[in-house]
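> Sequence:
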Amino acid sequence: MPRPAKRVAHARDPDCGVWLLATILTEDDDAVKVSWKNHGGTAFVAPDEVREACIKRPVKLLPKWWPSSQPFHLQRGDQVQLVTGYGVRGDVLHVETNDPFNCELITAEHPDRMLRYEHLAEKIDEPERGQEEDGDMHEDSDADMMEEDDMVEDGMVEEDDMVEEDGDEDAQPPAAPPQAPPQAPPQAPPQAPPQAPPQAPRQAPRRAQRQQGVRTHVQKKLATVLDEVNPPDILEIPAGMLAPLEEDVMVVAANSLREQVRNLEKAPTFQLPAAVGEGFVLQQNIRIMERNAELESDNKNLTERVELLEMRMATMERRMAEITSLERLPPTTPLSSINTSSSTSTTSSPSTSTPHRLVTRPPLRPIAMNEQGRGITEDLLAQCRLNADDIKIVARKLASAIFSEEERLKGCLSGKRGQALDPAKVHILKENVFSVCPVPRSHRDKAWKAVVTAVDNQTRYMRLKKGRTL
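Residue numbers 348 to 817, in our numbering, belong to the letters of the sequence shown in order.
Think of the hints as simulated: they come from the structure by calculation, not from any bench. Just so it is clear, the structure is predicted and the values come from calculations on it, not from any experiment. By construction, the Cβ of each residue, glycine as well, lies at the ideal position given by its N, Cα and C atoms. Not one of these hints is a red herring.
Straight-line distance between alpha carbons at most 25 Å, and here's what the computed PhoX-like set of lysine-lysine pairs gives: (1) K772 <-> K793; (2) K777 <-> K796; (3) K763 <-> K744; (4) K763 <-> K793; (5) K739 <-> K812; (6) K744 <-> K813; (7) K813 <-> K772; (8) K744 <-> K812; (9) K793 <-> K744; (10) K739 <-> K813; (11) K739 <-> K772; (12) K793 <-> K739.
Ranges of calculated distance between the beta carbons of each label pair, as one might list FRET restraints: (13) N804 <-> A735: 15 to 25 Å; (14) D726 <-> T800: 21 to 31 Å; (15) E654 <-> N610: 39 to 49 Å; (16) L655 <-> S789: 18 to 28 Å; (17) A797 <-> M636: 32 to 42 Å; (18) N646 <-> A797: 29 to 39 Å; (19) I633 <-> I740: 36 to 46 Å; (20) K647 <-> E753: 46 to 56 Å; (21) P787 <-> I740: 12 to 22 Å; (22) L642 <-> E669: 37 to 47 Å; (23) E664 <-> R788: 21 to 31 Å.
Please take these sequences and the hints and turn them into a complete structure.
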């Protein structure tokens, strides 16, 4: 029996309050039960029009940021504003339900956007306030009874008087507030019993303390006042850091925020978004300064590199000029600077000395010539000197001139794969490489390993082109 196809719904995550792409498990008249990865199953109660829209238009929204206010801070009728990761504010939304873990917002879908919410204002329901007042009255009555018992034990008030007062209170209607204990007569000593404090001053701090522990946001009229002052410029309200404000103070704060935003928009460097603050500008300036320092260092390195290349170019041009001048000398010109054997000059007698002759270049050594007639010539060495800064290029050119193609296809320089090459030719390669690219003796071993690797890699590439293997 084939498995039924999964139906995808658009559900709200109860932890972070954003829409997610969920899989429908069950559906009835009152609720749709969905599940998504790493969250388990949760039932969402929604009206028919919302549920149909969710089923027909699935939209995936990633919950990257948590709301600035926790879910239990939101109440029915609160205003919530969409805030992106870059601090740009969006539409102001209204909470539809009073369920703290399933706050349905009257809003449109925002596909492929990561949003968080900022709590702007709250609305306290009247039944909750009445319940809190009733609880405070019961606590106050219990506290008054305990105080009266203490006074009777101390002897300050007689028990009969307390009984009469209790009777009077019973005779009175229950809606009347409890009376305070009577004051001591004038002839009483100075240690008169203290007057019981009224109930109102004690109830207000308790309610404020309870509300402060649960709700730490601005009052409900703050959003209305801010909208009347300057709706576009009121950008951010830090949660949990505001105290009750008066209207004149809020007007001054709104004007200050508007002036700051206007100054930021007049920045000469670039246009800032609407909700960018001083921290963002400072961070951008720091990044620009760091990038400027990096570019300056790169420019300095490139300048040094160009100067070094110019020096090498001048040296090579000078050497080429010397070689050209030597080739253009007339045959009768003595060349004492050319390498001549000192033994010949010392053994020859003055009587048998002959005038200097033009010394020609000695023939190439037989080992420097390969089967194809190529070898190490002055032109090849001149080309290698142009690449003296890269020892690998020089080694590959000299190896192609010294070894034949058949030798390189059958063997390698390291001798690990196939037969080793001729040691005499390897020695000549090593001498010519280090003569073209001077390397200190302490670094020659490391440089020779790099040469062997470069030549063997070239040989391996030749085998691949020929389709041959060892």
